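A.B. asks: Next come the chains, spelled out residue by residue.
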Amino acid sequence: MSILEKTLTTKKATREAFGDEIVKLGKENKDIYVIDVDIAKSCKTSNFIKQLPDQHINVGIAEQNAAGLAAGLATTGKIPFVSTYAVFGSLRMAEQIRQEVCYPNLNVKIACSHGGLTPANDGGSHQAIEDMGVLRSFPNMTVIMGADYYSTRKLVEQAAKMYGPVYLRFTRDTVPMIYDENEEFTIGKAKKLQEGSDIAIIANGDTLRLAIEATKELEKQGISVKLLDMHTIKPLDRDAVVECLNVGKIITVEDHNILNGLGSAVCEVVAEEGKGKVSRVGVQDQFGQSAPYEKLLELNGITVENIINTAKEMLQ
Amino acid sequence: MKVKNISVEELKEIAIEMRKTAVTMIHKAQSGHPGGSLSAADLMTALYFKEMNIDPNNPNWEDRDRFVLSKGHVCPIQYSALALKGYVPYETIYTLREYGSPFQGHPDMKKCPGIDISTGSLGQGLSCGVGMAIAGKRDKKSYRVFSLLGDGECQEGQIWEAAQTAVKYQLDNLVVFVDNNRLQIDGFTDEIMPLQDIEKKFEVFGFETKRIDGHSMEEIVETLDEVRVAKNGKPKCIVMDTVKGKGVSYMEDVAEWHGVAPNDEEYKQAIGEISGGLK
Chain V
1 MSILEKTLTT KKATREAFGD EIVKLGKENK DIYVIDVDIA KSCKTSNFIK
51 QLPDQHINVG IAEQNAAGLA AGLATTGKIP FVSTYAVFGS LRMAEQIRQE
101 VCYPNLNVKI ACSHGGLTPA NDGGSHQAIE DMGVLRSFPN MTVIMGADYY
151 STRKLVEQAA KMYGPVYLRF TRDTVPMIYD ENEEFTIGKA KKLQEGSDIA
201 IIANGDTLRL AIEATKELEK QGISVKLLDM HTIKPLDRDA VVECLNVGKI
251 ITVEDHNILN GLGSAVCEVV AEEGKGKVSR VGVQDQFGQS APYEKLLELN
301 GITVENIINT AKEMLQ
Chain Y
317 MKVKNISVEE LKEIAIEMRK TAVTMIHKAQ SGHPGGSLSA ADLMTALYFK
367 EMNIDPNNPN WEDRDRFVLS KGHVCPIQYS ALALKGYVPY ETIYTLREYG
417 SPFQGHPDMK KCPGIDISTG SLGQGLSCGV GMAIAGKRDK KSYRVFSLLG
467 DGECQEGQIW EAAQTAVKYQ LDNLVVFVDN NRLQIDGFTD EIMPLQDIEK
517 KFEVFGFETK RIDGHSMEEI VETLDEVRVA KNGKPKCIVM DTVKGKGVSY
567 MEDVAEWHGV APNDEEYKQA IGEISGGLK
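So the protein sequences, as listed, match chains V and Y.
For the first sequence, our numbering begins at 1 and goes up steadily by one.
For the second sequence, our numbering begins at 317 and goes up steadily by one.
Hints should not be assumed to be uniformly reliable.
Quick list of in silico lysine-lysine cross-link-like pairs, PhoX-like style, CA-CA up to 25 angstroms [what the hints assert, rightly or not]:
{"hint": "1", "chain 1": "Y", "residue 1": "456", "chain 2": "V", "residue 2": "27"}
{"hint": "2", "chain 1": "Y", "residue 1": "320", "chain 2": "Y", "residue 2": "401"}
{"hint": "3", "chain 1": "V", "residue 1": "161", "chain 2": "Y", "residue 2": "426"}
{"hint": "4", "chain 1": "V", "residue 1": "50", "chain 2": "Y", "residue 2": "453"}
Source of the hints: derived by calculation from the structure; they are not laboratory data.
This one's a predicted model, so the numbers in the text were calculated from it and none came from an experiment.
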C-alpha cells in the first residue's frame, strides 16, 4: 500500500522519536552523550538520564556553555547531543556552534524540540521560524527535520553514525505517523512518496502531512502530483530537485520562514538551472503569537487548501 | 603525571626565547597581538617546558594534558612554545597569518598540531576545557586540562556558565589561569568594565584559588607544584597579576600594543631588551 493510500490516524510528536532513539543509541555506544539545559523532561531525554546517567550532563540554563562543552567532549571522541528548544539551539548557541563546532568540524549534534510553529501556545518568543536557515549557512553543518516518528528515529540514528555537526529539528506537538517502522532514510536523499507529471510538491517536517492531503485532493481532481519529503535541507538533494524540473512547477511547503529554509534552498537550485518555477508555502516572514498551532499555520497559509490553490494557480 | 626536571633558572632562559620568538613572528607578519602574548609568556613557558604531560611527536596522544587558549588572540606565545618544542619546524614562525600557514591569526586545531581546540571568539574556550575535563573524569583518565583566560575576557558571561559547571562536576583536573594584565583593547578594564576581585569571584563559584605574580617563575612553579597534588574535587583558578607587554619597555602597560606589530626599529629594541631577561 502506498503511503498516500494510508489513513493517518496514529499521532506522535517527533521529540518522542528523539527521546526513544537516543536511549537505544546510548546503550549501543557509550560515547554517545546527552547534554541538557534544564529542559530534559520537555525534550524527552528523561529516560536517557535514568538509564545512562554516566553519559549525561545537565548544565542548567546555559545554552552557550552547553555548545562549547559539547565541542570539548567531541575532541575526546565523544558524540554529544545537545538537547534544547530550536529557538535556543539555533540562536542562543549560534556563535558557539559556528566557532567551536562547525569551524573545527567537530562531531557534535544539536537536537532541538519545539521546531517551527509547533510550540504554538508558548507564543512568538518560542516559535523557531528561522532556525534551519541560520544553521544552513554554517559550513560543515547538516540540517534535518524528519516528518514523523519513525523517519525521525532513523534520521537521528544516521546523524549519530555520520561524522560531523548535525542540526536536528523536532516537533513539540504530535504529528501523524506517516511511515512504517521499516522504511529506510538516507541523510541528504529526498524520499519520493509519489511520481507525478503536472506539479511537484517538496515538503518536510510537520508540513509533509499537509502536502500528502493536498496531493490526494489534487489527484482526485485529475492533477498528477510528484511528492517529495525533503527531510534534509543541507546538504540538499540537488538531483531530486533537478528531477522536479521535468515537471517544471514546484511548490515547497515548510513550517519555517519562507526565507532561508527549504523553499529558499530549492529556489537556489532552480535559479541555477535556469528553468522551472517555484512557489513557497511557509511562514510569511512574520513572528507568531500564542494561538492554536493550526491557527498559526492558517495565518501563514500553510494549509491543504492553500497548497491546492497554489497548485491550480501555477497550472493556469 | 610526568613533570620535567628543569630548574627555574633554565625556565627563565626559555622564557626569553619564548618572548623573542613571539615578537619575531609578529614583526615578520606585521600583524598580531604582542601585549597579551608577552604578559602570558612566563606561565606558557612553565606549562609547556615543565608541567604539561605532552608529546610533540604525538600531538593527538589521547592521554596528553590539554591546553585551551581561551584568549585565542595571544596565540603567538603558544605558537612559540609549539615551535620551540618541535611540534612544527621552527621556521614556521615566519609564516604567521600567511596563506596556508598552520599559524593562523587565531588558533585552528585543524591546521596546527598541538592545538587542542580552535579558539578566537572570547569567552568560549573555557566551556570546551570543561568538556574535555568531564570526559577525562568519566573515562578515568589522569590527564589534566589547563586553560588561559584574559581578565578582559571574564567580562563575557559564558566564562561564568563554564565556571559553575566545572564546580558542579568537581573538575579537580581543570586548572584555569587568568592573565590579569588589567588592560583590554579600549583601555584599562577598570574603566571599560570593572571586574572587581576576579579571584574572589572564582572562589565564591567554588574554585580553589590563588593569586600570584605572573612574572615570577619561582611563584609560577611553586603554584603548579601545589596544584598538582590538590586532588580535592575542586577546580583550580590561578589569578596572575601581569603586565601587558612585559619585557619590552615601550609596550608595558600600553593598551595600544594590544594588537599592533613593532616596526623594524622597535623590533630591534624589543629583542635587545628581552635578551637581558626580566628586570
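A.B. asks: Could you run down the list of hints and mark each one as holding or not?
C.D. replies: Each hint tested on the structure:
1. Y:456 with V:27: Holds - the C-alpha atoms of residue 27 of chain V and residue 456 of chain Y are around 19 angstroms apart, at most 25 angstroms.
2. Y:320 with Y:401: holds, 13 angstroms
3. V:161 with Y:426: Holds. Residue 161 of chain V to residue 426 of chain Y sits at ~21 angstroms (cutoff 25 angstroms).
4. V:50 with Y:453: Holds: residue 50 of chain V and residue 453 of chain Y sit about 20 angstroms apart, inside 25 angstroms.
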